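Q: Given next are the chains, with one letter for each unit.
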Amino acid sequence: MTTLTEIAVRMGEIAVSKSPGDLLVSLGLGSCIGLALVDQRRGIAGLAHIMLPEAIGDGGPAGKFADLAVPELVARTVALGTARTSLKAVLVGGAQMFALGGGNSLDIGVRNEAAVRGMLAAERIPVIAAATRGNKGRTVRVWPGGAIMAKEAGGAETELLAGDRR
Amino acid sequence: MSPMPFTTFQLDALRELANIGSGTAGTALSQMLGRSVDISVPNAFVLPLAEAVDAVGAAEEDVTGVVIPLQGELDAVVLLVFPVADAATLCGLLGVEAGTDVGLSALSEIGNILGASYVGAIAAMTGLDLDLTPPQTVTDMLAAIVSTVLASRAAETDTAMILDSELQVEGEACSLGFMLLPAAGEVQEMLKRMGVDA
Numbered sequence: 001m002t003t004l005t006e007i008a009v010r011m012g013e014i015a016v017s018k019s020p021g022d023l024l025v026s027l028g029l030g031s032c033i034g035l036a037l038v039d040q041r042r043g044i045a046g047l048a049h050i051m052l053p054e055a056i057g058d059g060g061p062a063g064k065f066a067d068l069a070v071p072e073l074v075a076r077t078v079a080l081g082t083a084r085t086s087l088k089a090v091l092v093g094g095a096q097m098f099a100l101g102g103g104n105s106l107d108i109g110v111r112n113e114a115a116v117r118g119m120l121a122a123e124r125i126p127v128i129a130a131a132t133r134g135n136k137g138r139t140v141r142v143w144p145g146g147a148i149m150a151k152e153a154g155g156a157e158t159e160l161l162a163g164d165r166r
Numbered sequence: 001m002s003p004m005p006f007t008t009f010q011l012d013a014l015r016e017l018a019n020i021g022s023g024t025a026g027t028a029l030s031q032m033l034g035r036s037v038d039i040s041v042p043n044a045f046v047l048p049l050a051e052a053v054d055a056v057g058a059a060e061e062d063v064t065g066v067v068i069p070l071q072g073e074l075d076a077v078v079l080l081v082f083p084v085a086d087a088a089t090l091c092g093l094l095g096v097e098a099g100t101d102v103g104l105s106a107l108s109e110i111g112n113i114l115g116a117s118y119v120g121a122i123a124a125m126t127g128l129d130l131d132l133t134p135p136q137t138v139t140d141m142l143a144a145i146v147s148t149v150l151a152s153r154a155a156e157t158d159t160a161m162i163l164d165s166e167l168q169v170e171g172e173a174c175s176l177g178f179m180l181l182p183a184a185g186e187v188q189e190m191l192k193r194m195g196v197d198a
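These protein sequence lines map, in sequence, to chains E and Y.
Take 1 as the starting number for the first sequence in this note's numbering and just add one per residue.
Take 1 as the starting number for the second sequence in this note's numbering and just add one per residue.
The following block holds chain E by itself, in its conformation from the complex (with noise of 0.2 Å):
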C-alpha cells in the first residue's frame, strides 16, 4: 500500500494533482468554502479555500476570492489534462459559526456558497455534492481519483462522493 502524501491547501490557497498517493485536505473550514473540483474518469482533482465573495483591490492570492478562484481552479485542472465539461464540482464549509459585523450585515458563509455557485454556473460546472451551512466547522478530503470525505466538527468523516481512493 502507497502511502498518501497529504497536501494542505489553507486558506487562500489552491491545489491540484492528478497523482494516485496525493491527497488535497483543508482542515476546519468555517464560513470559508473548500470547493472541489473533479474529473473521476481521468483522476484529476483540485481544492480551492476560498475565505470570501470577491476582490477587493489587492488583497491577496486568487485562491482567497470566490470571483477570481473559480476561474482559476478551473484552468489550473485543465492544464492538468481534464476538460472544463469534464469537471463537477462538490462544495464544503460555508457555515454560519457567529455573527461578527465588520462591515457585511449579511453572514459570509451564506455570501461565499452564493458567490461560488454563480462563478460555477457561469462556467457551466455541476454541483454534484454539498456540506454546506449549518453552524458546525468541517473537513474536507479530496483524492485525485474522485473521491470526497467531509467532516464536521464532533462529527464522522462521511463520503461525499464515491471514488477512486488512491
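Keep in mind that the hints were calculated from the coordinates and are not lab data.
You may find that some hints are simply not true.
[Claimed, not checked] Computed Cβ-Cβ distance ranges for the label pairs, DEER-style:
1. Glu159/E with Gln188/Y: 45 to 51 Å
2. Thr27/Y with Arg166/E: 38 to 44 Å
3. Glu6/E with Gly185/Y: 33 to 39 Å
4. Glu6/E with Val41/Y: 38 to 44 Å
5. Glu72/E with Met125/Y: 39 to 45 Å
6. Val110/E with Glu189/Y: 26 to 32 Å
7. Glu73/Y with Arg166/E: 50 to 56 Å
8. Ser36/Y with Pro126/E: 31 to 37 Å
9. Leu93/Y with Arg166/E: 55 to 61 Å
10. Ala58/Y with Glu72/E: 24 to 30 Å
A quick note: this is a predicted structure, and the numbers were derived from the prediction, not measured.
Backbone N, C-alpha and C define an ideal beta-carbon position, used for all residues, glycine too.
Start from chain E and add chain Y according to the hints.
A: Here is chain Y on its own, set in the frame of chain E:
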C-alpha cells in the same frame, strides 16, 4: 504580498500590550477562582493568512472559543480559546457542569469578564476608546473558529496580525489562549497611540 514591516521595537511594544492585557485578565481569573494563574510570554504574529491557523494551534483540535468583537476606535476581535477538556476543568472549578447550557453560559461570562479586563488594560495603555460586544461561545475545530474570525476582517489584506497569550491555572490541567485579532491597518493606529509608529 509580504507581511507588513514592523520593526523589532514595534513587535516588542505589541507583545508588551498583550502582556499587560493578559496579565490583567489573569489577575481577574485568579480572583474569581481563588487560585494562582500563570501567564505566558505573549507572541506577536504577523504572517500570511495561510500560515495564521497553524501558528496558534492544531487545526482540527476541538476547542471552546469565546468570540468578542470590539466596538469603538479599534476594529478587532478578542478570542478566548479553551481546549475542550480544559473548559470542563474550568467549569468544575466554577461548580457548574461542562457541556450544558449553564456550563457554556459560565464560559461566556468568564470570557466577558476576562475580555473586559484585557481590553480595559489595552484601552488604558493606548488611549483608544474601546467597548466589548456580547460574547458568542462555540465549540468547534480551532481552525474553523480562527479562520472565520480572520475572514471577517480579511478583505483588504493577506496579512494576519495575532497577539497570542496563554493563561494557566496553577495546579490544574486548565489553560486558555487569549488572542487579539485586529483588522488590517488597525495595528498602525495602536502603535501610533503608543508612540512607536516611527
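Q: Holds or violated: the 39 to 45 Å window for the beta-carbon distance between Glu72/E and Met125/Y?
A: The hint (39 to 45 Å, Cβ to Cβ) holds, given that Glu72/E and Met125/Y are roughly 43 Å apart.
Q: Falls inside 33 to 39 Å, the C-beta gap from Glu6/E to Gly185/Y?
A: About 35 Å separates the Cβ atoms of Glu6/E and Gly185/Y, which means 33 to 39 Å holds.
Q: A range of 24 to 30 Å was offered for this pair. Does it hold for the Cβ distance of Ala58/Y and Glu72/E?
A: With a Cβ separation near 29 Å, Ala58/Y and Glu72/E satisfy 24 to 30 Å, so the hint holds.
Q: Could you check the hint for me, namely that Thr27/Y and Arg166/E are 38 to 44 Å apart, CB to CB?
A: 56 Å, violated
Q: Could you check the hint for me, namely that Val110/E and Glu189/Y are 26 to 32 Å apart, CB to CB?
A: 31 Å, holds
Q: Starting from the hint 55 to 61 Å, judge whether the C-beta atoms of Leu93/Y and Arg166/E obey it.
A: Given about 49 Å between the Cβ atoms, the range is violated.
Q: For the hint 50 to 56 Å, verify it against the beta carbon of Glu73/Y and that of Arg166/E.
A: 55 Å, holds
Q: How does the Cβ-Cβ distance of Glu159/E and Gln188/Y compare with 45 to 51 Å: does it lie in that range?
A: 48 Å, holds
Q: Go ahead and decide if the range 38 to 44 Å is satisfied by the Cβ distance of Glu6/E to Val41/Y.
A: 32 Å, violated
Q: For the hint 31 to 37 Å, verify it against the beta carbon of Ser36/Y and that of Pro126/E.
A: For Ser36/Y and Pro126/E the Cβ distance comes to about 60 Å; the hint is violated.
Of the numbered hints listed earlier, those contradicted by the structure are 2, 4, 8 and 9.
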